[in-house]
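**Q** Residues per chain are reported as follows:
There are 2 protein chains.
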Amino acid sequence: MCGMPVPKGAVLDPAQTRAAILDAATVLLYQRGLDGIGVAKLCAAIGISKETLYRHFGSKDGLVQDVLDARHDRLARSLDDAVDAGADPTDQLAAVFDVLARWHAEPDFRGCAILNAATQHHAGPARAVAARLLDHRLDLLTGIAARSGASDPARLGRQLLTLLTGATVLADHHGDADAAEHAKQAALALLRSAGPTATL
Amino acid sequence: MCGMPVPKGAVLDPAQTRAAILDAATVLLYQRGLDGIGVAKLCAAIGISKETLYRHFGSKDGLVQDVLDARHDRLARSLDDAVDAGADPTDQLAAVFDVLARWHAEPDFRGCAILNAATQHHAGPARAVAARLLDHRLDLLTGIAARSGASDPARLGRQLLTLLTGATVLADHHGDADAAEHAKQAALALLRSAGPTATL
DNA sequence: CTCACATCGAACTGATCGGTACCATCTGAG
DNA sequence: CTCAGATGGTACCGATCAGTTCGATGTGAG
Chain A
1038 MCGMPVPKGA VLDPAQTRAA ILDAATVLLY QRGLDGIGVA KLCAAIGISK
1088 ETLYRHFGSK DGLVQDVLDA RHDRLARSLD DAVDAGADPT DQLAAVFDVL
1138 ARWHAEPDFR GCAILNAATQ HHAGPARAVA ARLLDHRLDL LTGIAARSGA
1188 SDPARLGRQL LTLLTGATVL ADHHGDADAA EHAKQAALAL LRSAGPTATL
Chain B
1038 MCGMPVPKGA VLDPAQTRAA ILDAATVLLY QRGLDGIGVA KLCAAIGISK
1088 ETLYRHFGSK DGLVQDVLDA RHDRLARSLD DAVDAGADPT DQLAAVFDVL
1138 ARWHAEPDFR GCAILNAATQ HHAGPARAVA ARLLDHRLDL LTGIAARSGA
1188 SDPARLGRQL LTLLTGATVL ADHHGDADAA EHAKQAALAL LRSAGPTATL
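Here the protein sequences line up with chains A and B, keeping their order. Here my numbering is used: position 15 in the first sequence is 1052, and no number is missing along the way. Here my numbering is used: position 46 in the second sequence is 1083, and no number is missing along the way.
If you're looking for bench data, these hints aren't it; they were derived computationally from the structure. Hints are not guaranteed to be accurate.
Note that the list lumps identical chains together, so a pair holds whenever it fits in one copy or between two copies.
[Said to hold, decoys possible] Result set (DSBU-like, lysine-lysine): computed pairs, CA atoms no more than 35 Å apart in a straight line:
{"no.": "1", "residue 1": "K1087", "residue 2": "K1045"}
{"no.": "2", "residue 1": "K1078", "residue 2": "K1045"}
{"no.": "3", "residue 1": "K1097", "residue 2": "K1045"}
{"no.": "4", "residue 1": "K1097", "residue 2": "K1087"}
{"no.": "5", "residue 1": "K1097", "residue 2": "K1078"}
Model the full structure from these sequences, guided by the hints.
**A** In structure tokens:
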């Protein structure tokens, strides 16, 4: 077979090409780390030419930014859906940690892609995405805390976010498959003991 | 001034040179990330030649390994001392999170160097150091849980480790200066509600 | 005093980095 | 049918990467 500039039965839809690159790059950059794979190998693994990548994303940083933005939207929506499906605050909180447990159990789980990216490029734009992600999660958990009647929802929200975040780190770096389950039980215990009549 | 191979009043003690390189590299690799600075710049910033670095550490990975090992020992000893100084389990747990708060407040705090390294080189030896660190902390916290009379010390230990780990991530990526304080209160609440008579 | 050794500084290697340019080739819209 | 545009493939650029080598020059122990 000859290597032709455009394969015989190619589809040639820019938007679709872009989406395919985004999907493939999301996986590769997550598995190997932002600096763990160069543009050349990245393109080779995706099956596109460098020129195509640079036409769609401008630079590697541009690609990374779009990958992280898309990941942020997916993660945020995932937790939003879990909360929306819960009947009461306790159910909602449990649902959040159940989503977490399913995430940790995914075969190629390697920690939170966005927090990993912010750690790798500590001064770069990934840091802003990470802050957005944590802001969103804090809002979500603080809302649950408030609806549960906690005397200090802001504080309980932060404590719940601490459990959520820590569990993801332990699932990754400590091989703790039950991290989300243990965190869930701790979160529910905190929720129970943080009611309006509870001592601070 | 001429750049002389060995400066006029140099000290020329290999062990001391090695320790100085280790100290300087610890700071630089922490601030810029493992892949954020090359060997050439690293040596220039430290003020040594590449040959000196390679004679003492063999490779960049060798240097990183030694830096992480030293950091691990320092962190472990720091928490051990805090626990040793506590009178009862509650004091000990509070002391652990107080150490955490002081750490987070250091001017150049950038997260846990070891967990950051494990995130950056996810498949490398840094991962083993991170696992050792978390093992040690888990032992410490499980011990506190056991001495407090918790009905399930292993579980409480993991939950406390989740709070400790999550607080460090939030202090870094969320600019949460009070992360350790909030985590401490949550930890103490969990400790109180996990006694032998508490419901699971 | 002598000499092994530590160190510096610089040059060098081969590989890889992100990014650009060019062209042949194919698709898809007019 | 025609032609703009999307794509693959390849070569290339300057910079940086980790690591090696060598000679000049100093220190420190005998």
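**Q** So, against the hints stated earlier in the document, which numbers end up violated here?
**A** none
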